[in-house]
Amino acid sequence: MQKMTVIAKEIKELLSQATAKNKVDDELKKYLDYNDRILYLQCDKTILVGCIGIQLLENNRLEIKHIATKKAYRHKRIGSTMIDYILNTYAPFWKITYKYEGIDYVVIVTAAKKDKIEMDGSRPLSQEDATVENKMKKNGRYGLLASLLFFLINVFDILPDSTGPFLATFVLAGIGVWIYFAIKRHSFLSSNKKHLQTNLHDYPEYMSLLKQYPE
Numbered sequence: 001m002q003k004m005t006v007i008a009k010e011i012k013e014l015l016s017q018a019t020a021k022n023k024v025d026d027e028l029k030k031y032l033d034y035n036d037r038i039l040y041l042q043c044d045k046t047i048l049v050g051c052i053g054i055q056l057l058e059n060n061r062l063e064i065k066h067i068a069t070k071k072a073y074r075h076k077r078i079g080s081t082m083i084d085y086i087l088n089t090y091a092p093f094w095k096i097t098y099k100y101e102g103i104d105y106v107v108i109v110t111a112a113k114k115d116k117i118e119m120d121g122s123r124p125l126s127q128e129d130a131t132v133e134n135k136m137k138k139n140g141r142y143g144l145l146a147s148l149l150f151f152l153i154n155v156f157d158i159l160p161d162s163t164g165p166f167l168a169t170f171v172l173a174g175i176g177v178w179i180y181f182a183i184k185r186h187s188f189l190s191s192n193k194k195h196l197q198t199n200l201h202d203y204p205e206y207m208s209l210l211k212q213y214p215e
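Heads up: the sequence shown at position 141 corresponds to 141 in our numbering, and the numbers run straight through without jumps.
It is possible that part of the hints are untrue.
Here are the simulated PhoX-like cross-link-like pairs (lysine-lysine), alpha carbons at most 25 Å apart as the crow flies [stated by the list, open to error]:
(1) 65 to 21
(2) 23 to 65
(3) 29 to 76
(4) 135 to 71
(5) 76 to 45
(6) 29 to 12
(7) 76 to 30
(8) 9 to 23
(9) 12 to 71
(10) 23 to 70
(11) 70 to 9
(12) 135 to 65
Derived Cβ-Cβ restraints for the label pairs, each shown as a range [said to hold, decoys possible]:
(13) 75 to 187: 51 to 59 Å
(14) 186 to 61: 19 to 27 Å
(15) 145 to 166: 13 to 21 Å
Hints in this document: simulated from the structure, not taken from any laboratory. Glycine is no exception: its CB is placed at the ideal position from the N, C-alpha and C atoms.
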């Protein structure tokens, strides 16, 4: 599918099947001149076999103004294919914001199909990514607990005094492990958030709504 950029004779002939012949030129001119009107062309290799024209409306809605299939290609689901393309290209979506551990996150939920939604956002969505984050959090806590344990052993003189320097080293090592995994986890979350900020601009629908409703 491609957008019409120039008016050709074969496009006129095809659109005449969807509107009165004396209105074809005016309708095609609207598709070229108006930003809210788009005519998509369906081709079979180099042969124009169908077209579908839409008008973008308010509140992320649209209206199909024209649809036509070349006579020789009818009953081959050309019309259904064009409608599916429009539904997938202009699928409605929702922007969800929430907080997690004091950080703001965003998820884009797109109604890709009638019975299917897709999600994209800054939090790990897969079980694998969630497991990685939880493992970093758990390892950091283990280091902190080990540090606390060695500190208590040293305070209550459970081991001989000669082990003092070693216990102090273990305490510092435990704190170091906790700091290491805290930094690593923060970097992991920041990387996801940075990816989202770039990734959101891949959504033309999001950019369109952002202009209408600035954050």
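Hint by hint, work out which the structure violates, then give me just those numbers in ascending order. Of the numbered hints given earlier, those the structure breaks are 3, 4, 7, 12 and 14, listed in rising order.
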